Amino acid sequence: MLVYYLIISFLIGVATVFNRNQTFRIVLLALFMMVQTSITIYAYLHIGADDLVYFKYDALGVIFMAVLTLLSFTTIYHSFVYLRHRRDNSRSQSIFFAALIMLIVAMNCVYLASHIGVMWVFVELTTLSVAVLIYHERTSLALEATWKYVFVCSIGITITFIGIILLSFGMGETVQIDFSFKALQEQLLVVNSSWLKLAFLFIIVGFSTKMGLFPMHTAAIDAHTAAPPPISAFISTTLMNVGFVAIFRTYSLFAHTVIQPWMNQVLLWCGLISIIVSAAYLLKVKHLKRMSAYSSIEHMGLAAIGLASGGIGYFAAIFHMILHSFVKASAFYQIDQFHRNFGTYIISETGNYFNRNRAGGMVFLLVLVGIIAMPPSGLFITEFWIFKAMFASSHYIFLILALLFLSFCIYSLTKNFLYILFNQTKDLLPSEEKTVASETWSQYFLLALLFYFGINPPAQMIQLIEEAVKYLP
Amino acid sequence: MINILLITFAISLIYIGIANRLSTVINILAVQGIILFGVSFIELIQINTINLIFILFETIVFKTIAIPIFLNNVIKKNNIVREAEPFIPDFASVVIITGILLGSIIISNIIDVGHVRKMFFIVAISALFTGLFIIISRKKVVTHIMGYLVIENGVFILSLSAGSTMPMLVNTGITLDIFVSVLVLGIFVNRIGNTFEEMNVDNLTNLKD
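From first to last, the protein sequence lines stand for chains G and F.
Per this note's numbering, the first sequence starts with residue 11, numbered consecutively.
Per this note's numbering, the second sequence starts with residue 1478, numbered consecutively.
Hints listed in this document are in silico derivations from the structure and should not be mistaken for laboratory results.
There's no promise every hint is true.
Okay, derived cross-link-like pairs now, DSSO-like style, lysine-lysine, Cα gap no bigger than 27 Å in a straight line [what the hints assert, rightly or not]:
(1) K207(G) <-> K1616(F)
(2) K1595(F) <-> K296(G)
(3) K1595(F) <-> K158(G)
(4) K1616(F) <-> K425(G)
(5) K158(G) <-> K294(G)
(6) K1554(F) <-> K294(G)
(7) K158(G) <-> K1616(F)
To be clear about the criterion: a stretch of chain F counts as covered by chain G if any three or more of its residues have a C-beta under 8 Å from a C-beta of chain G, and this derived list gives those stretches [claimed, not checked]:
(8) 1513 to 1519
(9) 1615 to 1627
(10) 1668 to 1676
Here chain F is said to cover these stretches of chain G; the calculated rule only asks that three of the stretch's residues, wherever they fall, bring their Cβ under 8 Å from a Cβ of chain F [what the hints assert, rightly or not]:
(11) 100 to 108
(12) 393 to 404
Please read all numbers here as calculations on a predicted model, not as lab measurements.
Cβ atoms here follow ideal geometry from the backbone N, Cα and C, with glycine treated the same way.
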């Protein structure tokens, strides 16, 4: 099935590159979304089955695939809105959508890969395809961001590859090593712990470029700033999920070896420093998109801490990533509308957004409630579980520090969002164009999911997450 | 024989440190491709022809022919001044790269490399850090790509010394990815050349808080 998916997506992608007709472009994208939806449904119905030798429909992959498919609909819709307002020529629109299709396919393959080498290849492919999208606006800032993103990610992914090679060092020369996750897990049990530690460090540093976790978080921030807002939504959600899936799979690989307590310490530090970094930058941030990007770093830190705390933390980390995807995506879609209203992203040059665009202002208000994890936001539940897991694993100092710096983040986010929404002290230029309320429906839908899942998570999802964390200690 | 080749590779790393002209660096990269072909040829001589063709393709075609020609084109097209413009003097570069070599020898003695052949490990690790050093210490954007390629060469040596190999398909994917990322980076160098007058990293400091 996967092979048909790849072939059809490739053909649709090629057709999108050469197509210059707007109607036909919509037809092609609708076709692609049909294929994407059907592979997701197929994957859900065939959980546990292998496909194409190197892929497997496991629970973790299917969860994030479903999130990706859902967000693909909204991102493609908002990309159309974005491109229509920019009045880009047909050629650059074609390239935009072709790269978007390639990105979605590559992310899908990362989620499903059951072989660490194949996963590596597709993670690199996500970098290359998202580079085209970041550079879409063709400004010097976009150029700088793209250059930095591609370069840092390429170096990062090389470091990951060194980690993978180091793993095979530990196992000795004579055995034929199988690099699929399942086989590696058993082979790793006999490996010397210093090799394991070295390999884990290299792999985690490399994948942190994608997840936006502490050592290599900078590339993602710059990419957010320059990318078109619908693409920022993707970078902040599904692409960070790619990093999370990669790190989660690496963690499960090493989870049964002797280095597990040490590994938890490393992840705890990565998570805590991510939160501290984001808190520090959020206090002085001036650019709305950078603010949202730093908020994503904070949430990635929390997910890493959840993973490191064990127990209910595993469950909470995955759930956190899912809910964070919904709220952050709707925030970035709204930022696009916001940008069209004010013509700028600089927070201090805006204000009174609630009166200028009631529907959009309401989205920002709900995003604020969601993002700072105020009940009834679903993130409240997951953060509560993460802190509970930290308490249960007696990481009290980490817990106190994380809560302290989290309150800084909450303060800065609230201050800035309330400024944008309600500050009436300045005389602002009237907005250049009337914002359309119907463009916010998809954002309300995602926010509704966030609040609904917090109160009443569907049983199928719970079951999938439990399945994904079943084998962890 | 392998040791001689590996030592030549290590010497070429030091030479990159003092190579002032960009074309010299590109030539060194091409020579490194040939050395890597020699090493992998000796290593994998008993393995089947497909592997051999693949390695020939990866080292000679990619590393020695395609990428150097591509980089030369990039330099010509953008009228890049042919000096590498390091931030620090040549002498210091040589000292630092020698220090890196020495450091990797010490590291490989400290951690128990064991069955992994020590020579490979030392050269690979020093290529990795030399690449990073070149990226940090050079002003031009093109030299960053060259540093990245030196890192890739180091990784290639490391994967040779691991003995066991990835499946063919995965290997091909990895090679293609690296090749494409160099191409993409090169294209962006061209763009940087069109957008800014000088292709220095000083131009790329506008994104900040």
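Verification of the hints:
A threshold of 27 Å between alpha carbons decides the hint, and for K207(G) with K1616(F) the separation of about 34 Å lies outside it, so the pair is violated. With a C-alpha separation of about 51 Å, the suggested pair K1595(F) and K296(G) falls outside the 27 Å cut-off, and the hint is violated. A C-alpha spacing of about 34 Å is found between K1595(F) and K158(G), which places the hinted pair above 27 Å, so the restraint is violated. Of the supplied pair hints, the one linking K1616(F) and K425(G) is violated, its CA atoms being roughly 40 Å apart against a limit of 27 Å.
Using a Cα cut-off of 27 Å, the hinted pair K158(G) and K294(G) holds, with the two alpha carbons roughly 22 Å apart. Under the criterion of a C-alpha separation no larger than 27 Å, the hint pairing K1554(F) with K294(G) is inconsistent with the structure, at around 42 Å. As the CA atoms of K158(G) and K1616(F) are separated by approximately 15 Å, the hinted pair is consistent with the 27 Å bound. Counting residues of the region 1513 to 1519 of chain F whose beta carbon lies closer than 8 Å to any beta carbon of chain G gives 0, which falls below the threshold of three, so the coverage claim is violated.
Check result for the region 1615 to 1627 of chain F against chain G: holds, 3 residues qualifying (beta carbon to beta carbon below 8 Å, three or more required). Note: the region 1668 to 1676 of chain F has 4 residues with beta-carbon separation from chain G under 8 Å; the three-residue rule is met and the coverage holds. Counting residues of the region 100 to 108 of chain G whose CB lies closer than 8 Å to any CB of chain F gives 0, which falls below the minimum of 3, so the coverage claim is violated. With a cut-off of 8 Å between beta carbons, the region 393 to 404 of chain G has 0 residues touching chain F; three or more are needed, and the interface restraint is violated.
Consistency note: the structure conflicts with the earlier hints numbered 1, 2, 3, 4, 6, 8, 11, 12.
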